[in-house]
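One line per chain: the protein sequences are A, B and C, in this order.
With our numbering, the residue at position 311 of the first sequence is 311, and numbering never jumps.
With our numbering, the residue at position 18 of the second sequence is 18, and numbering never jumps.
With our numbering, the residue at position 214 of the third sequence is 214, and numbering never jumps.
All the given hints hold, so there is nothing to weed out.
The calculated DSS-like cross-link candidates involving lysine-lysine, where the alpha carbons are at most 30 Å apart (straight line), are:
1. K139/C <-> K186/A
2. K289/C <-> K107/B
3. K68/A <-> K327/A
4. K107/B <-> K288/C
5. K138/A <-> K113/A
6. K9/B <-> K99/C
7. K139/C <-> K182/A
8. K145/C <-> K182/A
9. K137/B <-> K68/A
10. K37/A <-> K113/A
Everything labelled a hint here was simulated from the structure, so no lab data went into it.
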Amino acid sequence: MVMGLMACAGCSQSSPAAASSASTVVSTKSDEKITLKVWHQWSDDSNALKKDYNSAVTAYEAANPNVKIESDALATEAYKTKLTTAFAGNSADCDVFYDWSPGKTQSLAEAGKILAIDDYVKDGTLDQVQPGSTDAFKFDGKLYSLPMFSWYMVLYCNKDLFQQAGATEPTTYDELLTACKKLSDKGILPITNGTKDAWNACFIYEYLAMRENGAEAVNSYLNGKTKMTGTGFADAAKKVQELVAAGAFGSSTLATGSTDADTAFTTGKAAMRIGGSWVASNVYADGSTVKGKVDALAVPLITGGKGDESNFCGGFTESFLVNAGTKYPEQSVAFMKYINKAMGKYAAETSSGFDGWKDSTIDQSGWNDVFKQINTLTQKCTSSTLAWDTFLDSAKTKVHQDDVEGLFGNKITPDDFVKNENASWD
Amino acid sequence: MDKVKTKVKPSRVILVAVLFVIALIQIFPLFWLLEFSLKDNNEIYGSNPLALPMVWRWGNYTQALFSGGLLNYFLNSMFYTLITIVVAGVLSAMAAYAITRLNWKLKKFSYTLFALGIMVPLQAVLLPLFLVLNNMKLLNTYWALLIPYIAFAVPMSIIILCGFYGSIPKDIEEAAYLDGCNIYKVFFRIILPIVKPAIATVSIFTFLGTWNELMFANTFVNSAAFRTLPVGIFSFAGEYSTNWGCIGAGMVVATIPTLIIYCFLSDQVQSSIVVGAVKG
Amino acid sequence: MNKLMYKKRSIVVFVLPTIIIYTLIVVIPIFISAYLGLFKWNGVGAMQFHGLANYQKLVSADPVFRQALINSLILAAASIFIQLPIAFILALILSNGVKFEKFFRTVYFIPVILSSMVIAQLWLRIFNADYGLLNGVLKAVGLSKLVQPWMANTSTAFTCTVIPAIWQFIGQYILIMYAGMKAISGDMYEAAKIDGATGWQSMTRITIPLLSPVIKVCLIFSLTGSFKSFDLVFAMTNGGPFHSTELPSTVMYSNLFSAGAYGYGSAQAVFIVIECLVATLIIQLLFKKSEAEASAV
Numbered sequence: 001m002v003m004g005l006m007a008c009a010g011c012s013q014s015s016p017a018a019a020s021s022a023s024t025v026v027s028t029k030s031d032e033k034i035t036l037k038v039w040h041q042w043s044d045d046s047n048a049l050k051k052d053y054n055s056a057v058t059a060y061e062a063a064n065p066n067v068k069i070e071s072d073a074l075a076t077e078a079y080k081t082k083l084t085t086a087f088a089g090n091s092a093d094c095d096v097f098y099d100w101s102p103g104k105t106q107s108l109a110e111a112g113k114i115l116a117i118d119d120y121v122k123d124g125t126l127d128q129v130q131p132g133s134t135d136a137f138k139f140d141g142k143l144y145s146l147p148m149f150s151w152y153m154v155l156y157c158n159k160d161l162f163q164q165a166g167a168t169e170p171t172t173y174d175e176l177l178t179a180c181k182k183l184s185d186k187g188i189l190p191i192t193n194g195t196k197d198a199w200n201a202c203f204i205y206e207y208l209a210m211r212e213n214g215a216e217a218v219n220s221y222l223n224g225k226t227k228m229t230g231t232g233f234a235d236a237a238k239k240v241q242e243l244v245a246a247g248a249f250g251s252s253t254l255a256t257g258s259t260d261a262d263t264a265f266t267t268g269k270a271a272m273r274i275g276g277s278w279v280a281s282n283v284y285a286d287g288s289t290v291k292g293k294v295d296a297l298a299v300p301l302i303t304g305g306k307g308d309e310s311n312f313c314g315g316f317t318e319s320f321l322v323n324a325g326t327k328y329p330e331q332s333v334a335f336m337k338y339i340n341k342a343m344g345k346y347a348a349e350t351s352s353g354f355d356g357w358k359d360s361t362i363d364q365s366g367w368n369d370v371f372k373q374i375n376t377l378t379q380k381c382t383s384s385t386l387a388w389d390t391f392l393d394s395a396k397t398k399v400h401q402d403d404v405e406g407l408f409g410n411k412i413t414p415d416d417f418v419k420n421e422n423a424s425w426d
Numbered sequence: 001m002d003k004v005k006t007k008v009k010p011s012r013v014i015l016v017a018v019l020f021v022i023a024l025i026q027i028f029p030l031f032w033l034l035e036f037s038l039k040d041n042n043e044i045y046g047s048n049p050l051a052l053p054m055v056w057r058w059g060n061y062t063q064a065l066f067s068g069g070l071l072n073y074f075l076n077s078m079f080y081t082l083i084t085i086v087v088a089g090v091l092s093a094m095a096a097y098a099i100t101r102l103n104w105k106l107k108k109f110s111y112t113l114f115a116l117g118i119m120v121p122l123q124a125v126l127l128p129l130f131l132v133l134n135n136m137k138l139l140n141t142y143w144a145l146l147i148p149y150i151a152f153a154v155p156m157s158i159i160i161l162c163g164f165y166g167s168i169p170k171d172i173e174e175a176a177y178l179d180g181c182n183i184y185k186v187f188f189r190i191i192l193p194i195v196k197p198a199i200a201t202v203s204i205f206t207f208l209g210t211w212n213e214l215m216f217a218n219t220f221v222n223s224a225a226f227r228t229l230p231v232g233i234f235s236f237a238g239e240y241s242t243n244w245g246c247i248g249a250g251m252v253v254a255t256i257p258t259l260i261i262y263c264f265l266s267d268q269v270q271s272s273i274v275v276g277a278v279k280g
Numbered sequence: 001m002n003k004l005m006y007k008k009r010s011i012v013v014f015v016l017p018t019i020i021i022y023t024l025i026v027v028i029p030i031f032i033s034a035y036l037g038l039f040k041w042n043g044v045g046a047m048q049f050h051g052l053a054n055y056q057k058l059v060s061a062d063p064v065f066r067q068a069l070i071n072s073l074i075l076a077a078a079s080i081f082i083q084l085p086i087a088f089i090l091a092l093i094l095s096n097g098v099k100f101e102k103f104f105r106t107v108y109f110i111p112v113i114l115s116s117m118v119i120a121q122l123w124l125r126i127f128n129a130d131y132g133l134l135n136g137v138l139k140a141v142g143l144s145k146l147v148q149p150w151m152a153n154t155s156t157a158f159t160c161t162v163i164p165a166i167w168q169f170i171g172q173y174i175l176i177m178y179a180g181m182k183a184i185s186g187d188m189y190e191a192a193k194i195d196g197a198t199g200w201q202s203m204t205r206i207t208i209p210l211l212s213p214v215i216k217v218c219l220i221f222s223l224t225g226s227f228k229s230f231d232l233v234f235a236m237t238n239g240g241p242f243h244s245t246e247l248p249s250t251v252m253y254s255n256l257f258s259a260g261a262y263g264y265g266s267a268q269a270v271f272i273v274i275e276c277l278v279a280t281l282i283i284q285l286l287f288k289k290s291e292a293e294a295s296a297v
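So that you can see chain A by itself, here it is in the shape it has in the complex (with noise of 0.2 Å):
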């Protein structure tokens, strides 16, 4: 079981930094050459992460030159599958592998498939990462992994669109409705999702649950601690299925995928999205006509809701894991601090997410303006839930995505879903 609380680290990029240059010196008992096997998913050579995770790579074997890393990408849906199949068949030929899906990668734990690191840890590494970064990956009071990099949930908001309608950008649910009256009433998109997409539709149930609820009643609940209680989950099912019904999402959000209303928002075609940090660089890509015109606020605060601004949606959830039947688990190890640490810095230097650890010497001068306006924003995080589906486990997501949909096609009520998610507990 996950313990605590999602404390919200990637913040406070200006906290003081430890010595930031972790040691890249792998200890090995003699100087046998070895060969480190790597599984990751960015096998798309034109994503900035592959190139920074292949100059990590080269600098880690000049640095090590007895240690050799074989790495072999896949994309994700394949990736998936891959792991889904080797791990299931005992035949993970892997050192290292990357996850993002806590949820499942609890499985991978009880199953003892993958190498606890709680003592190679004891080096003082802990210090170095944000506070409680690495609570997505404690099973059953064992450490699995290091933080990466995290990502936020934002709103996002097309000044120009808005302008056009005369509306104004939303910091409340009711401004919120509001403004889609008034987009939708000049016939502009007021909200794209990609319902199509069951993770996609579900963030905006998972948000509205938040700010009802607050970061801690939804992360008691997702680590099983309490059951949906209280009016405010249902609530959240009604507030979508308002926002359905007042066409915030247009006709079509059910065969919307995500990466449709991602392109929707930047070539234009919708005032709002609500998506996660790495919208903001699709804002800035070769191609979107909105470039300057983008702020990104915060998803907007419910009246009488027990979430305050202090709450996010996001946090850390991407790592490097140890495979647990590895023959070089000491080197593999050095090596999974090593790179969990280099893509944090790259991801926070090219804007692609938030650092994991504590390193003052990020570069900033590459962020677009969007990516400063969220690191602003969560100045004030200090408690955050992931993404359900990432952290929940395979089955419970599936009732989760299904009742979800169900919500946006009037096919549930709010109390029918609360009670759905509570069963599938049992």
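Take the given structure of chain A and dock chains B and C to it, following the hints.
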């Protein structure tokens, strides 16, 4: 057979016109593929999905071809596919012949057994097959894909070939045996040439099933050394967003040999030699 | 001659190697799947024996799977009654010789060559509510009333997946039937013509009967293909909206790889195999009857 060309009938013209319209409908996706291989995501998803690219991004092609070793994957795919076509073709031709033309007790059962092969959804046998290959220590070698590809090409080939063998009059073998041939000679010298169109047809399907195959190629081999083209192409699919332009470029590169081979093989289908010396 | 046809050794040579490889790679995994279907398993942890519960649930308590089955039957019907007849007609025209035959033969096959992913993306663009071709055409001809989000409505989404499925593989059946027609000796048609047969009579008395084994093959592929179909729906809708476009294999896939219900997914896989098997046997029986009648003539 010579056609004596007299007057061109108007109904003929209409017929050809209709066929052209159908052809346009069929060729449209290829045209669309070429189009989007030159676009970026924003054009594909938003502003310009069906029209010609506004910016012709040949960079998609250079990116697809040169970064990430697509050429090597291309050669691997060629290797797997050609071997599969030949081996599966020979094995299927022989097995189908035995099922339809020879006499033995288990032949109906064998046919049904082979027919099972086309009923199997690949995703279902992914893990079990993985376990089998793992136990045979064949994973991450060329055999990891060759053996499954051949095994899965066999059922469809056998079924098609059985269909064809069924159309050949039984008297043909009689004539050959009377001339003193043994069964191997009959098979290789007489029957095989007759079913050339069928073999060509079967080869086309084997080619398609193997060249485009993604699931097995993804799971049974890890290293780039044994990787196939489809896996390489789909490496452009990312977690949050997918680079469709590059995927399109990779697919165009993958489709060209398919088209060429299909053209060549379907010519073989066109030519048919029937032994005319059989009494009707 | 008959003696030669019975020679055990040659039969073994012709068949055995194939059977061995095939059994190992195709048959055994099916049985492993059937075995896994008896368990409750999330893929990594411990397996819990569950008996026949998974199989029972399949047939009685799973509305999503039931809808998927119905969908697959609709797809099969469309395939048999729309796709095959069109393919037959086109194959007939092509094999009888027509100008540009080679060109048509090549072009008609193109959709089959393209990956289903491409086809899926293309038709998503055609059916797209905002910038799609279909809605664009409807608006242009003044039928704006009919404009709707085709892929988002549960009533229309499935049909929108059937159309590309039928269209994509017509070329495949054209090819098979064309090859079969080409293998029929031209002499027969000549002889028939001399006897005064019309085109229609030639077709019904010569082509169709002689093509019967090939037609049987097409029917088998068509049915099993429909029951097994996966790629297109997966890429277009992933079974949505609200499971209205699900097919048995998309439900199975999501159980295997998303919901961590490996045992249940395996049971579904076995069901699909059995379903196809039954369909094939029925077709075999039907054709046996008509073959028997034909040879009695």
